[in-house]
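Visitor: Single-letter residue listing:
Number of protein chains: 2
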Amino acid sequence: MSSIDTHTPFDQAEALLAEEPTAELGPQLEELPMVDAARAFARLEEGQQRRVLEVLEPELAAELVDCIPDVQAAGLVEHLEPQVAAAIVQELPSDEQADLLGDLPAQDAEAILSAMEPDAAAEARQLAGYADDVAGGLMITEHLQYLRTLTVGDVIADLQANADEYRDYDIQYAYVVDEADVLCGVLRMRDLLLARRSTPIHEISIGGPVSIRDDASLDDVCDLFDTYAFFGVPVVNEAAQLVGVIQRAAVEEALADQADATYRQSQGIIGGEELRTMPLLLRSRRRLAWLSINVVLNIAAASVIAMYQDTLAAVIALAVFLPIISDMSGCSGSQAVAVSIRELSLGLVQPNELLRVWLKEISVGALNGLVIGLLIAGVAVLWKGSPLLGLVVGLAMAINTVVAVSIGGAVPLVLRWFKFDPALASGPILTTVTDMCGFFLVLSLATAILV
Amino acid sequence: MSSIDTHTPFDQAEALLAEEPTAELGPQLEELPMVDAARAFARLEEGQQRRVLEVLEPELAAELVDCIPDVQAAGLVEHLEPQVAAAIVQELPSDEQADLLGDLPAQDAEAILSAMEPDAAAEARQLAGYADDVAGGLMITEHLQYLRTLTVGDVIADLQANADEYRDYDIQYAYVVDEADVLCGVLRMRDLLLARRSTPIHEISIGGPVSIRDDASLDDVCDLFDTYAFFGVPVVNEAAQLVGVIQRAAVEEALADQADATYRQSQGIIGGEELRTMPLLLRSRRRLAWLSINVVLNIAAASVIAMYQDTLAAVIALAVFLPIISDMSGCSGSQAVAVSIRELSLGLVQPNELLRVWLKEISVGALNGLVIGLLIAGVAVLWKGSPLLGLVVGLAMAINTVVAVSIGGAVPLVLRWFKFDPALASGPILTTVTDMCGFFLVLSLATAILV
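Taken in order, these protein sequences are the chains called E and V.
All residue numbers in the first sequence are consecutive under this note's numbering, ending with 451.
All residue numbers in the second sequence are consecutive under this note's numbering, ending with 451.
Treat the hints loosely; a few may be bogus.
Repeated chains share a single entry, so a pair holds when one copy, or any two copies, can fit it.
Stated by the list, open to error - Using 20 Å as the maximum straight-line C-alpha spacing, the simulated SDA-like pairs for lysine to any residue come out as follows:
1) 384 x 313
2) 384 x 303
3) 384 x 300
4) 384 x 279
5) 419 x 351
6) 384 x 121
7) 384 x 306
8) 384 x 451
9) 419 x 110
10) 419 x 279
11) 384 x 273
12) 419 x 261
13) 419 x 436
14) 384 x 362
15) 384 x 15
16) 419 x 117
17) 419 x 218
18) 384 x 445
19) 419 x 210
20) 384 x 166
21) 419 x 286
Quick caveat, the hints were computed from the structure, so don't treat them as lab data.
Using the sequences and the accompanying hints, generate a full structural model.
Guide: Now the structure itself:
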C-alpha cells in the first residue's frame with residue numbers, strides 16, 4: 001500500500017476502481033473523499049461502472065450515482081439489473097430519484113419502479129410525473145409536516161424520536177396541515193423553543209403561508225424566490241394539499257443547468273449532453289445531426305456565390321473578402337443573439353418587444369459596421385490600390401453588419417414567442433441569412449461598380 | 001386609477017416609474033409585487049433610475065438595487081451621491097454589499113464606505129477584500145455565533161430578544177466559538193429543543209465541525225458541497241476564527257453566473273455584460289473590442305486565399321467551397337470546445353490530459369469528416385460533373401474536420417493549464433487556425449490535382 005499512499009486521493013480512487021471489483025472495494029472507497037471517488041468513477045467506461053455498482057452497498061452506490069453528471073447516471077442505471085437499480089434508486093434523495101427515472105426510457109423506469117418497495121415506488125411515480133422545469137419537478141418530499149391539532153410537545157417528541165431520519169432535512173420550518181392535508185400554516189422551529197409544550201401548534205404557526213402550485217413554471221418559481229428571501233417554499237397541488245418543498249438551492253441549480261444547456265446548444269451540442277466516455281457512434285451521430293443541418297444551409301448560402309461566377313472570375317480578389325465578410329457578420333450577429341438571450345432570461349425584454357430591440361441594435365450595428373467597413377475598405381485599397389474595390393467590400397461589410405445585428409437581436413425573441421428555445425436555432429438561421437446577404441452584397445455591388 | 005387597474009402589475013409599475021418621482025412613489029410601489037417593480041425599474045434609463053432611488057426609503061431602494069442585474073446596480077450606485085448610496089448599501093445583505101462595492105471603481109467605493117456607519121463600513125471593507133470566486137466572497141456574515149460557555153437558556157433568551165433581527169437568517173445551525181472566536185462546534189437548533197436550559201451549549205454541540213478557509217476557490221467550495229449534504233458551511237480565516245457562512249444556494253448561484261459568463265464570452269460579449277439600457281458608445285466600444293481582434297485574424301486567415309489567386313482564377317468554382325469548408329470546420333471545432341469546457345467544469349478531465357482528449361476527438365472527427373466530406377464531394381460532382389473537384393473539396397473537408405476537432409478539443413485544456421478562461425479565447429484561435437488550414441488544403445490540393 002505504501003506506493004499508493006504517495007498519490008492524491010483521486011489517484012488512489014482511480015487505482016482502486018480500475019481493478020476487478022470485490023466486496024472490499026466499498027470500505028476502501030469510503031476512506032477517500034466522495035468527490036474524488038465520484039470523479040474517478042465518472043471516468044470509467046460504462047461496463048466497469050456497472051460492475052462496480054453491483055458490488056457496492058446500495059447506499060454508497062447511490063452516493064456515487066448522485067455525484068456523477070445526470071446524463072451519465074441515466075445511461076448507467078438503464079443497463080443495470082432492475083433489482084440492483086431499484087435498491088440504488090431508493091437511496092437517492094426524492095428529487096434526484098424523479099430526475100433519474102424521468103431520464104430513462106419509460107419501460108426501463110417501469111421495471112425499476114416495479115422492483116422498488118411499494119411506498120417508495122408510489123412516491124417516485126408521483127414525482128416522476130412532473131416535468132424537470134416545473135415546481136413539482138424541483139421540489140423534495142423530505143419535509144416536516146404536522147397536523148394542526150398537535151401540540152408543541154407532540155412535535156418535539158416526534159423530532160426526538162426521528163432524529164436520525166430527519167438528519168438531512170432542512171428543518172428551519174415545519175408545515176402545518178389540516179385533516180385533508182391542505183396547507184394551513186408554517187411553523188418556525190425557533191417559535192417551538194419559546195412556546196409552552198401544551199400549546200396547539202396552529203396557535204403559534206403563521207397562517208396564510210406563501211406557497212406555489214406544483215405545475216408553476218421555473219420562471220414563476222424564480223420570481224417567487226426573487227420576491228421573498230425564503231430558503232424554502234411549500235408546494236401545493238390543485239386541491240391546495242401540501243406535496244413538497246422547493247429549496248432555494250434547487251432553483252439556483254436549475255438556473256445553472258439552463259445556462260449550461262444554453263451554452264452547449266449555442267456551440268452545436270444538440271440532442272443531449274456529450275461526455276467523451278460515451279460510445280463513439282453515439283457521439284458521432286449526435287454531432288452529425290447538427291453538422292448535417294449546417295452543411296445544407298451552408299451550401300444554400302454559398303450558392304449565391306455560384307450565381308456570380310463571372311463577376312468573381314473578373315475580380316478574383318473578391319474571393320479573399322467573401323469569407324471575411326461572412327465571418328465578421330457572424331461575430332456581430334452572435335453578440336446580438338447573446339444580449340437578447342440574456343435580456344430574455346433576466347426578464348428585461350419581452351418577446352413582443354421586437355421594435356425596441358431592433359432600434360437599439362441598428363444604432364450599435366451602424367456604428368460598428370462603419371468602423372469595421374472602413375477597416376476592410378482600407379485593407380482592400382492598400383492591397384490592390386483600388387478605391388472602387390474598397391468601396392464595394394467596405395459598403396457590403398457595413399450594410400451586412402446592420403443586417404446581422406438586426407437578425408441576431410430579433411431571432412431569439414421570435415423563437416421565444418413561438419415557444420422554441422432561443423439558444424437552439426439562433427446560430428444556423430443567423431449565419432445562413434447573413435452569409436447569403438453578405439455574399440449577395442459583395443458580388444452584386446461588384447457587378448454594378450467594378451465589372 | 002380605474003384605467004391602471006385593468007393592467008398587469010408590471011404595467012402599473014412601469015406607469016408609476018415613468019412619472020417624475022415624488023414621496024408617494026414608495027408606498028405605491030410597495031403595493032405591487034417586488035419582482036414586477038424591479039423589472040420595470042431595471043428597464044428605465046439610468047438618469048430616471050437615480051431620481052427614483054433618491055426619493056425612496058433606503059430599505060425599499062436597496063430591495064430594488066438587490067433585484068436588478070449586478071452590472072446595472074454597480075453603474076447606478078456609482079453615480080449616486082455618496083450619502084444616498086451609503087444609506088442604500090447599508091440595507092443590502094452582506095454578500096451583496098461586498099459584490100456591489102467590489103464592482104465599483106476604488107475611489108467611488110471608498111466615498112460610499114466613508115459615508116456609512118463605522119461598524120457597517122468596517123465589515124463591508126473586510127468582505128469587499130475577497131474576490132468574487134473564493135469562499136470569503138460567497139459567504140454571508142449574518143449567522144448565529146455563541147460563546148462555548150453559554151447555556152441553552154442563554155441562547156434561547158438571545159433568540160427571543162433578537163427575533164426581528166434574525167428573521168431572515170438561516171438558523172438551522174448556530175456556531176459555537178471560544179474566547180478567541182475560533183470555531184469549535186456546531187449547534188443544531190433542534191438539539192436546543194431537547195436539552196435542559198442549564199446545559200452549557202458546548203456539551204450538546206457537534207465538535208470538530210467541517211469548515212472551509214476564506215481563501216478557498218469556488219472549485220474547492222463546490223467539492224465540499226458535493227461531498228456533504230449540508231445547507232451551509234462555516235468559513236474560517238487563517239487563525240481558524242469564524243468569519244461567515246456559505247449557503248448552498250450561494251454556491252449554486254455562483255455556478256449559474258459562471259455558466260452565463262461562459263455563454264456570453266463564447267458569443268463575443270467580452271469586457272462585461274451588456275444590457276440594451278446602457279449608453280450606445282459603451283455598447284459599441286465593448287463589442288468592437290472583440291470584433292477588431294476578429295477582423296485582424298480573419299484578414300490573416302484570408303491572406304492564404306490571396307496567395308493562391310492563380311489557382312482560384314483557373315478553377316473559379318473553388319470560391320464557392322471555401323466559405324462552406326471554413327464554416328463547417330468552425331461548427332465541428334465548436335462542438336469539441338463545448339465538450340472540453342463542460343468536462344473541465346465537471347472535473348472529468350484535467351488540463352494535462354491532452355492525449356486522452358485528442359484520441360477521443362480524432363476518432364469522432366475522422367468519422368464525421370468522412371460523412372461531411374463525402375456529402376460535399378457529392379455536391380461538387382453533381383454541380384460541375386468533375387470527380388477531381390469532388391476529390392479536392394471532399395478530402396480538404398475531411399482532413400480539416402479532424403484538424404478542427406483536434407484544436408477545439410485541446411485549446412480549452414491548454415488555456416486552463418495556463419490559467420486563462422477556456423471560454424474566452426477558444427473561438428478566435430480555433431476559427432483562425434481552421435480557416436487558414438481549410439483554405440490552404442483546398443487551394444494546395446487544387447493546385448496539385450486540378451491546375
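Visitor: For a quick check of understanding: which of the numbered hints are violated here, in increasing order?
Guide: 4, 6, 9, 10, 11, 13, 14, 15, 16, 19, 20 and 21
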